[in-house]
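Position one of the sequence shown corresponds to residue 157 (this note's numbering), numbered consecutively onward.
A few of these clues could be false.
[Unchecked claim] Distance condition first, Cα-Cα at most 35 Å in a straight line; then the derived DSBU-like pairs of lysine-lysine:
#, residue 1, residue 2
1, 173, 163
2, 388, 461
3, 291, 272
4, 173, 492
5, 399, 329
6, 492, 272
7, 329, 178
Worth flagging that the hints you see were computed from the coordinates, not collected in a lab.
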Amino acid sequence: MKKLLNKALIWLVMLSKRLLKKTGFLIILLLIPVLALFMTLCAQNNESSFLRIALYAGRDDAVDITDELKREESDMFSYTFCDNAEEALRMVDSGEADMAWVFQDGLSGEIERFVKGAGNTLVTVYEKEETAVLKLAREKIFALLYPYVCYEIYNDYIDTELGLPDISGQERKEVYYLFEKDDSLVEYTTFGEGSEQSEKNSYLTSPIKGMVSVLMLLCGLASSMYFIADEKRGTFSRLNYRKRLLVLWTGNVCALSFSAVFSTLAFILSGNYTSFIRESGAMAAYILICASFSALMAALIPSQKGFSVLMPIALVACTVFCPIFLDIRAFPLIQKLLPPYYYLNALSYPSQLYRMLIYFVISSGAAYGVYALRHLRDN
């Protein structure tokens with residue numbers, strides 16, 4: 157038993173040294189923390205907002221939209237406050253802003269007329285093109301104007317329905333704000349994680365786990381490609397096909413273990429590390445399924461040229477079909493073939509770990525079957 161363990165340790169050291177001599181593999185490893193650090197620094201930059209909005213708030217002391225927007229400014233929206241409507245339009249035309257909001261002068265009076273059914277539009281939106289993101293941003297305008305419109309509806313009800321126009325503005329405000337609630341109507345949190353962790357993550361750092369998981373898969377595929385090159389040179393000619401497959405799989409695990417260390421560092425740097433048990437369990441399972449997937453690809457495509465085509469295809473497929481930026485559910489069959497899909501879902505849904513185990517068994521069995529058929533064909 158001791159002799160077997162020593163032999164296994166020697167193989168692990170040899171396979172690890174072989175990987176660390178590969179420049180391409182080291183570059184992928186270093187990309188993982190560099191990517192996380194870069195995106196974290198971008199998230200801390202005030203100019204890295206998702207949407208840049210040029211805003212002319214009009215001239216109205218009664219409706220102070222400027223201060224309210226400054227309080228609510230986040231990494232999703234950044235506002236540039238313009239002195240006039242022309243400046244806001246110029247910023248959109250020059251590409252300095254994605255859209256412009258131009259509020260009417262004397263907005264409080266316009267809101268009052270709007271409630272009575274006699275007013276014009278309260279705000280004009282300018283944009284160069286209509287996109288889904290810009291459409292969603294309009295909801296921000298509605299949320300901004302909603303409290304002022306509600307208050308004017310309340311005033312109109314007192315004047316017309318109750319017939320009490322003589323009540324002073326101060327009295328009206330006291331009654332209106334008597335029922336004001338400071339508590340948030342809606343609380344946003346990520347399933348399976350604490351709300352504190354969810355709230356502090358930026359939209360720029362949220363995709364880091366998905367992007368890192370794709371780089372980890374590339375590490376596994378790179379390891380399989382190096383094995384194919386060594387096999388072509390006859391490095392493993394003295395081993396039977398079962399042992400060669402074991403060497404292939406073990407080499408993949410070594411490569412993925414290195415990448416797991418760098419990935420954990422990336423998650424810590426970006427503030428995306430949640431809990432040791434959840435992260436470690438999902439990462440261990442991900443190493444296994446990536447190793448088996450990469451071994452299966454090596455069995456199906458036993459050439460370096462084939463792998464040079466496969467790797468960019470895998471990169472694009474994982475980016476599009478896995479829930480990194482968007483969760484596209486139109487192609488479930490394709491999603492279930494890609495290892496990052498299981499890993500990213502396992503972080504929120506622990507039940508995915510069982511599916512990862514099933515994926516590991518099926519992909520390992522398929523790799524063994526294909527490799528055995530190749531051996532029978534060649535002999």
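To see whether the hints hold, each was checked on the structure:
A threshold of 35 Å between alpha carbons decides the hint, and for residue 173 with residue 163 the separation of about 15 Å falls inside it, so the pair holds. Restraint check for residue 388 and residue 461: satisfied, since their Cα atoms lie roughly 13 Å apart, inside the 35 Å limit. Taken as a hint, the residue 291 and residue 272 pair is honoured in the structure, with Cα atoms around 27 Å apart against an allowance of 35 Å. With a CA separation close to 33 Å, the supplied pair residue 173 and residue 492 stays within the 35 Å bound.
For the hint pairing residue 399 with residue 329, the CA-to-CA distance comes to about 81 Å; that exceeds 35 Å, so the pair is violated. At roughly 56 Å between alpha-carbon atoms, residue 492 and residue 272 are farther apart than 35 Å, so this suggested pair is violated. Between residue 329 and residue 178 the CA atoms are separated by roughly 72 Å; this puts the pair beyond 35 Å, and the hint is violated.
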